[in-house]
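*Asks:* Add chain B to chain A, keeping to what the hints say.
Chains as they are written, first to last, in the numbering used here: chain A, 1 to 426; chain B, 427 to 852.
These are calculated hints, taken from the structure and not from any lab test.
Owing to the predicted nature of the structure, the values given are computational and were not obtained by experimental measurement.
Be careful, since some hints might not be right.
Stated by the list, open to error - Covered stretches of chain B (in silico footprint by chain A; criterion: 3 or more residues with CB under 8 Å from a CB of chain A, positions within the stretch not fixed): (1) 466-477; (2) 566-579; (3) 588-597; (4) 744-758.
Built from N, CA and C at the ideal position, the CB exists for glycine as well.
Protein chains: 2
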Amino acid sequence: MKKYAEMNAKELAAELEKVTADYEKIKEKGLNLNISRGKPGKEQLDLVSDIFDVLKSDSDFDDGGDVRNYGMLDGIPSAKKLFADILGTTEENVFIGGSASLTLMYDTISKAYTHGLKNSNVPWSKLDRVKWLCPVPGYDRHFGISQTFGMEMINVPMTPTGPDMDVVEELVKDPEVRGMWCVPKYSNPDGIIYSDETVKRIASMEVGANDFLLMWDNAYCVHEFDGPFVPFPDIISECAKAGNPDIVFEFASTSKITLPRAGVSVMASSKANIEYMKKLLNIQMISYDKVNMLRHARYLVDREHTLELMKKHAKILKPKFRSVLNALEKEIEPLGLATWQTPKGGYFVSVNTMPGTAKETWRLCKEAGVVLTNAGATFPYGKDPEDSNMRLAPSLPAPEVVKEAMEVYCTCLKLAALRKLTGALD
Amino acid sequence: MKKYAEMNAKELAAELEKVTADYEKIKEKGLNLNISRGKPGKEQLDLVSDIFDVLKSDSDFDDGGDVRNYGMLDGIPSAKKLFADILGTTEENVFIGGSASLTLMYDTISKAYTHGLKNSNVPWSKLDRVKWLCPVPGYDRHFGISQTFGMEMINVPMTPTGPDMDVVEELVKDPEVRGMWCVPKYSNPDGIIYSDETVKRIASMEVGANDFLLMWDNAYCVHEFDGPFVPFPDIISECAKAGNPDIVFEFASTSKITLPRAGVSVMASSKANIEYMKKLLNIQMISYDKVNMLRHARYLVDREHTLELMKKHAKILKPKFRSVLNALEKEIEPLGLATWQTPKGGYFVSVNTMPGTAKETWRLCKEAGVVLTNAGATFPYGKDPEDSNMRLAPSLPAPEVVKEAMEVYCTCLKLAALRKLTGALD
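Just chain A, with the same shape it has in the complex:
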């Protein structure tokens, strides 16, 4: 099949007619499909329901104290051990949270504003301006936190090995640049793994701000859906080795290991940062849910045992992601209409459409009953300067639904491109 870019006007007109007819036929089906959010499917939730059976009798609740009662601000010993093992760090570097790492991330930044970080001269609320680096495309909820605090977000291009470090190293010299979002493994949405070299360059950045805050959201650290576990460097010790021990806070959770709303989260940083944050956190809480921590420590045991569980998740997820990639490879690749990474883990496929057609593709899909993540959502302020990036999230629906949604998506992608190429969108 000829690429659209190589078609002449007549060929384009014929293709437009054909694809429009396909689209009208799809619309008649009255579909109602959703591939917009990275939610696990019911089969994945049921996979771990036996987690609620691990604590049974009154004698089950001891772990450095009665976990049902107050105390142990930074979490119970067995949960610290588990998460230190998963992240490849040590127990004194971790703080165990509630069901959402997002809350720990928000709290860290919120405290930078209200109290300042360990190395801050003043709380950020007293600063004229806080600039922040956002590798793009990225995670909308990260950008949402930056936006709610009024940060000036700066786009940094992603490459297949992580953020463009030449750009980053230049930008962080500015002392008004106070931090950066990173999803180092299976980045949201590209599914890119930062190379070891990128990680080392990030850890050893020469930052202008003495309270620079590297937000290292290791959300998908053990989340392979295709192929073996890919080891990752421990950012905490990398930063320490590079003489930047306090610049990084790492985050992870069991949201996509056990259950999204009944899991456990973790924050890791230098011992000094954890001690500093504990003093601030002690004012707002006595500890997170320690019964749930113990339930998770008993259930997941250690990294190796957790990886066994992740293989079961992979078995469920892989066919859904294959449906997405198969459709793109079969329908879109020959037309040269879009590019994408081929992730082997994480929760998304990120598609870069022909510039200026992402919003139109989204609109067409919606009209045909297929809900996608908003076009633009993967950029700060929801503004994709190229109107090109789209995030597909196939984890929730059944494989056959993903397949059906992708038929719609590919048709809409073609139709939007044809409209653009024939001038109908201008």
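*Replies:* Just chain B now, with coordinates in the frame of chain A:
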């Protein structure tokens, strides 16, 4: 027995000699007792361990959606219903939190600083000064939140019917006074129930600040340990009726109904406030632990059923509180050495010693192996201007331990008073 204040110098010297000997004998025992924090005892925890049996199979997790997955920011329907029933408000007024109401309180104030409240002109971080009313004695963790944000705390005296409202009504006219802490039922530490008149006067205060924040910590709303449930007015509708719908945020939790670190918390306010806060909270979280919410909704059912459970707690707690009160009534009352309320609920007994002797009493207890809440902790900045108030928390230890600790406490109270009266403390 003669009151100390009525003894002459010779009588005081003889009594000092006798009590000193008693104290030395106690010290020889090498005790290690703790009545410092309002923690439930193991017997209370075991009482509710069957809560972990209520969710069993994969089909148990539905409540307006699969509670294991993302979504439902403000909580699940059945938990909203339960807490609305307990608080006497409606479901649209409540937001369900995680295991700690303290975190919801902190978040509310933190957001006043970073974003402002619904009716704020500017975030409080931009204000020169935030003044705050603190009925004293009060809860140290409340004052800790005020202190960490740099508020200027103003002491307001407590009366047997709640805060001295003549004082409060005068102070709140100042537009720099932006809020007030209240524990309306079984106040911490006095165990006082605000009278209906006090509640009505609070609800209808003419406040100078248009973003005044009444922090209504209804921590002990169903926590009778002696006698029948005492109904309480619904502060949300009281404020609405008085034309102050947005001044109040109410808080409660199951920390002392089910389990301190695996419970569910709730925040209630005007519908408009809840909507406003949801927009801000949506940035930091997707929802709190909904599995635990469902577990609680199924286990506690409604207010009536919850009160049945509270009677079982009362049965465990009453003897411990009786031990405290018996000791005070027998050993201290005849000497006219201290005053206290006789609470019928809550978690504390608050003792007002002879002025200038609370710290010395605390020190003597510690030296004899009995840990009490720090003297001064019940006041802002940890500073009791009279050095008089002490909080006793007998819930955790066994009744015989409470009895033993109270023997020590009464002896130390006498010794400190005698030292004061004989000039040894000056």
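*Asks:* Checking each numbered hint in turn, tell me which of them this model violates, lowest number first.
*Replies:* Failing hints, ascending: 3 and 4.
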